[in-house]
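Number of protein chains: 2
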Amino acid sequence: MNAPDKFAPLLTLTREPFPASTKVFVPGTQAGVQVPMREIALTNGERVTVYDTSGPYTDPTVSIDVRKGLAPVRAAWIEARGDTEAYSGRERQALDDGVKHEVPDAHAAERIAALRGEAAALQRTPRRAKGGIGAGANVTQMHYARQGIVTPEMEYIAIRENGKRDWMREYLGDPEREARLRGNPMGARIPEIITPEFVREEVARGRAIIPANINHPELEPMIIGRNFGVKINANIGNSAVTSSIEEEVEKLVWSIRWGGDTVMDLSTGKNIHTTRDWIVRNSPVPIGTVPIYQALEKVGGVAEDLSWEIFRDTLIEQAEQGIDYFTIHAGVRLPFIHLTTKRRTGIVSRGGSILAKWCITHHKENFLYTHFEEICEIMKAYDVSFSLGDGLRPGSGADANDEAQFAELRTLGELTQIAWKHDVQTMIEGPGHVPMHLIQANMDEQLKHCHEAPFYTLGPLTIDIAPGYDHIASAIGAAMIGWMGTAMLCYVTPKEHLGLPDRDDVKQGIIAYKIAAHAADIAKGHPGARARDDAMSKARFEFRWRDQFALGLDPDTAEAYHDETLPKDSSKEA
Amino acid sequence: MNAPDKFAPLLTLTREPFPASTKVFVPGTQAGVQVPMREIALTNGERVTVYDTSGPYTDPTVSIDVRKGLAPVRAAWIEARGDTEAYSGRERQALDDGVKHEVPDAHAAERIAALRGEAAALQRTPRRAKGGIGAGANVTQMHYARQGIVTPEMEYIAIRENGKRDWMREYLGDPEREARLRGNPMGARIPEIITPEFVREEVARGRAIIPANINHPELEPMIIGRNFGVKINANIGNSAVTSSIEEEVEKLVWSIRWGGDTVMDLSTGKNIHTTRDWIVRNSPVPIGTVPIYQALEKVGGVAEDLSWEIFRDTLIEQAEQGIDYFTIHAGVRLPFIHLTTKRRTGIVSRGGSILAKWCITHHKENFLYTHFEEICEIMKAYDVSFSLGDGLRPGSGADANDEAQFAELRTLGELTQIAWKHDVQTMIEGPGHVPMHLIQANMDEQLKHCHEAPFYTLGPLTIDIAPGYDHIASAIGAAMIGWMGTAMLCYVTPKEHLGLPDRDDVKQGIIAYKIAAHAADIAKGHPGARARDDAMSKARFEFRWRDQFALGLDPDTAEAYHDETLPKDSSKEA
Chain A
3 MNAPDKFAPL LTLTREPFPA STKVFVPGTQ AGVQVPMREI ALTNGERVTV YDTSGPYTDP
63 TVSIDVRKGL APVRAAWIEA RGDTEAYSGR ERQALDDGVK HEVPDAHAAE RIAALRGEAA
123 ALQRTPRRAK GGIGAGANVT QMHYARQGIV TPEMEYIAIR ENGKRDWMRE YLGDPEREAR
183 LRGNPMGARI PEIITPEFVR EEVARGRAII PANINHPELE PMIIGRNFGV KINANIGNSA
243 VTSSIEEEVE KLVWSIRWGG DTVMDLSTGK NIHTTRDWIV RNSPVPIGTV PIYQALEKVG
303 GVAEDLSWEI FRDTLIEQAE QGIDYFTIHA GVRLPFIHLT TKRRTGIVSR GGSILAKWCI
363 THHKENFLYT HFEEICEIMK AYDVSFSLGD GLRPGSGADA NDEAQFAELR TLGELTQIAW
423 KHDVQTMIEG PGHVPMHLIQ ANMDEQLKHC HEAPFYTLGP LTIDIAPGYD HIASAIGAAM
483 IGWMGTAMLC YVTPKEHLGL PDRDDVKQGI IAYKIAAHAA DIAKGHPGAR ARDDAMSKAR
543 FEFRWRDQFA LGLDPDTAEA YHDETLPKDS SKEA
Chain B
3 MNAPDKFAPL LTLTREPFPA STKVFVPGTQ AGVQVPMREI ALTNGERVTV YDTSGPYTDP
63 TVSIDVRKGL APVRAAWIEA RGDTEAYSGR ERQALDDGVK HEVPDAHAAE RIAALRGEAA
123 ALQRTPRRAK GGIGAGANVT QMHYARQGIV TPEMEYIAIR ENGKRDWMRE YLGDPEREAR
183 LRGNPMGARI PEIITPEFVR EEVARGRAII PANINHPELE PMIIGRNFGV KINANIGNSA
243 VTSSIEEEVE KLVWSIRWGG DTVMDLSTGK NIHTTRDWIV RNSPVPIGTV PIYQALEKVG
303 GVAEDLSWEI FRDTLIEQAE QGIDYFTIHA GVRLPFIHLT TKRRTGIVSR GGSILAKWCI
363 THHKENFLYT HFEEICEIMK AYDVSFSLGD GLRPGSGADA NDEAQFAELR TLGELTQIAW
423 KHDVQTMIEG PGHVPMHLIQ ANMDEQLKHC HEAPFYTLGP LTIDIAPGYD HIASAIGAAM
483 IGWMGTAMLC YVTPKEHLGL PDRDDVKQGI IAYKIAAHAA DIAKGHPGAR ARDDAMSKAR
543 FEFRWRDQFA LGLDPDTAEA YHDETLPKDS SKEA
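Protein chains in written order, with our numbering: chain A, 3 to 576; chain B, 3 to 576.
Chain A with its partners taken away, still in its complex shape:
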């Protein structure tokens, strides 16, 4: 791990725009809708515009202070809806940033005070639905959608998903080619042009979600659904050794620079609460968490000491901070746990293990399952989306598609119906480890039992014998399941199964998953997805090297590889 003082300069570095690229904005009709895109100026005068997850960081005209956070682009929209209220918020506790056994330590209090002081400007007054939790108010995008309201978020997303189409005519204009390359959507129904109304319909139907907590106004809205571009998630977590604002924010910025559409903060141990402030306030992408991780810290790591009360309090704590989606392992039901006993690799999900232990010790049903409607009440007061966790996902090809996995999946489908009854946005997490020939069944079962709620899979890894290369073993499965209808792919890094990913591992994982997602978009026939490939191919045919670098997913590596072996101009005509 790099020392924290190295991160400030790194952060400056990751703010550099990509080669030949500028940030452009496409305005919407609603106030404040200005959708950022990356425009690449090619050497032949063409301009190519691509989807941009990197936020204001790659815009040199924006001055950013990570100790103050990003501009709240959504604040006026949230305010204008008039259905939320600012309030004092839950009272903060030392334990939010600590672990149980440290509570009595005076030193811990000092440490936390220092941490919080450093991030004082990042504290926002939380908002909630008017009347608070349980009062029946509902501020979810799904709730608006079902009332027929096209929110600014929805219009923003429609523009963002379409991208600019004018430059694509050069590439998508040949009728023979278009007919020959027409995608196979495998049941998806992607319109030629995404309208704000289409976004609304998809969200109302539950087929797509817009993770957008009202306490995360810094967010550039994005959508997760099978009729939109396939998205990817990258995971980050606090360092075991030390934390600084710069370090944590730099990890985030690095992830979104290379294409992370959402980022999950999987921090454990100390400083969880304050680190989360740092991340959310500086994040233009949705942030997801697994709240049971923090709850477990609060009970000193003893799973059986968890309770609904501690968990509920943690949900509110994180909802107030602005987390956009929660992984909730409510499908790990007591009657399913014995189904894992004959498995090759038992229960490998951390959340799944924690809850299985709790259920077995108390011989009681999972409290996330029994309190599910209460969780919905919290979610709808802040617009936090569910990511229903697959705590019984297979940890090896040997355990793929077994009864434990599918029993849980069917339960997640039941829970989806309950969430939808509350107009709470919901996606479903999926495996994990699945050989290629069993992938389609995962998608089929998910579509059938979860009623087309967006699927969000980890890989899946297609084989088990590639430690050190699991980003590749899983990119194969990810590309396939993305084509079949999975809406978001959770990345896997080369360090999977071996250790903690460093900066380069994170990048390797993200690029592998951008490849998988893009391959899926092209196979599905996502409108315009192929144009960038065609622009690349034309640049290749015409030996325009600079344009090839700029159009690639990783211009730096492409240029470095080229120069390494073919530094001379004459070699550029290989």
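Calculated from the structure, these hints are not laboratory results.
All the pointers check out, no bait thrown in.
Only pairs whose alpha carbons sit at most 27 angstroms apart, straight line, appear in this in silico DSS-like list of lysine-lysine:
| hint | chain 1 | residue 1 | chain 2 | residue 2 |
| --- | --- | --- | --- | --- |
| 1 | B | Lys366 | B | Lys102 |
| 2 | B | Lys166 | A | Lys344 |
| 3 | A | Lys166 | B | Lys344 |
| 4 | A | Lys366 | A | Lys344 |
| 5 | B | Lys450 | B | Lys423 |
| 6 | B | Lys423 | B | Lys132 |
Stretch by stretch, here's where chain B covers chain A in the computed footprint (C-beta under 8 angstroms, at least three residues):
| hint | region |
| --- | --- |
| 7 | 475 to 483 |
| 8 | 494 to 503 |
Simulated DEER-style distance windows between Cβ atoms:
| hint | chain 1 | residue 1 | chain 2 | residue 2 | range |
| --- | --- | --- | --- | --- | --- |
| 9 | A | Gly189 | B | Gln419 | 36 to 42 angstroms |
| 10 | A | Gly189 | B | Asp506 | 39 to 45 angstroms |
| 11 | B | Arg94 | A | Arg184 | 52 to 58 angstroms |
If you're wondering where the values come from, they're calculated on a predicted model, not measured in any experiment.
Virtual Cβ for every residue (Gly too), placed ideally from N, Cα, C.
Here the structure of chain A is known, so what remains is to put chain B in place on it, guided by the hints.
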């Protein structure tokens, strides 16, 4: 590139056995059949045996001198068949190791003499079918197979493909699991046990080939066919700067260490002939070439100066050296060339471009097509297999599955029938660049028009925008087409489209393709393929780290990654 004097120590390094591994031999019933496998001793006392492409190099009991070459394990079998004869061979010419414009240079003669002197012990007296080319003698494995003869090569392959099965019982014995994970062979018919008779039938039917030139007695026989394990090919080529025996052999040894099942020598420029001697004499895997590359050097790089006579002479030159398969672009027919004019990326195959230029300049049909039966006469006198090249393969997703590509494919099907009439073993090369949703059509068309002759594809790359990561973009396509029935996958390295691969790029490409091939084997339900994954998963569940490293495709990287972030023992229980 490393200087040549660095390669001798590197070669020593690549001779190191893999961790916890020893070379074991399984005997057959025929004389001299001793099939090498790699046995991994796990820390729990289990022994896992895996397919081993690395040859005697990973056997510390074998002393190897690259200036003398490997032991000729097949020599007695070839001799015993009594249908071949040693002969003086084609007279060598300075041009074999040079390029046309250098011929008059006295310095060139000196250089070549020195090169050849260095490799004097690698010169073997060539053999051919009794009576020589065109006399009707036929020494191909297909010819024997069709006569009902089970050769030692066939028995060797049957044993090699089965592997040892006893250790697998632990992993493949659960009926519920076996039923759940049963492969989907997509039309392949893979028996539970591969018998020598089955190998014979598949070769007789043309559904599999055994590339095994009678002048390559050092070969450890292997098979390429859809009813066997999916194989991979790695490409090597001489260095532009300098050549030494150690350097060229080290590239080969490095490639087969990581799992290259065959290696193509794509050398161009100087020293081609002698470099090939070095490679073939030291190679336990089949070596393929593209003879038109050398023929082009002989005419000074001017495609239109090529002639059937020069090409024919080059085929004989290489057949005498022991090349096991030739890429022959006989399907690039004159009437197809205009079909490429509307393409995004025209003709990208080097061989395809050379022949298209020749055809257009002379406005004549491709001489490889018009002389195809004469080529068959050469192939059957040495048992060189055809790899019918797809000179019109698409160079971008935009050009995938177009009429130029499929017109050539149908021609390759016609040529396959002609080759089979001569009992010449034949496989068919395929793309290249194909989006996921168009891959199945490639396999379907190939099976239909080429009568199940083995398919040998380059990737295919599923997207075009990943320069620097094309090994990943193509491993996705390779895994899918492997599952669908492709018999061998030609690797792509991270330097594809950018420059020349170095040592690490070669390894990255090979590992990505081992992943793709193994994922395909598991999806097809290749018997026993899953057992190694299960052994890995069990080791994972039991935190046996050393066993995880040893069972992985790349033990060195897995261990290094583990130790990098989790060096302490306590961390090994993550």
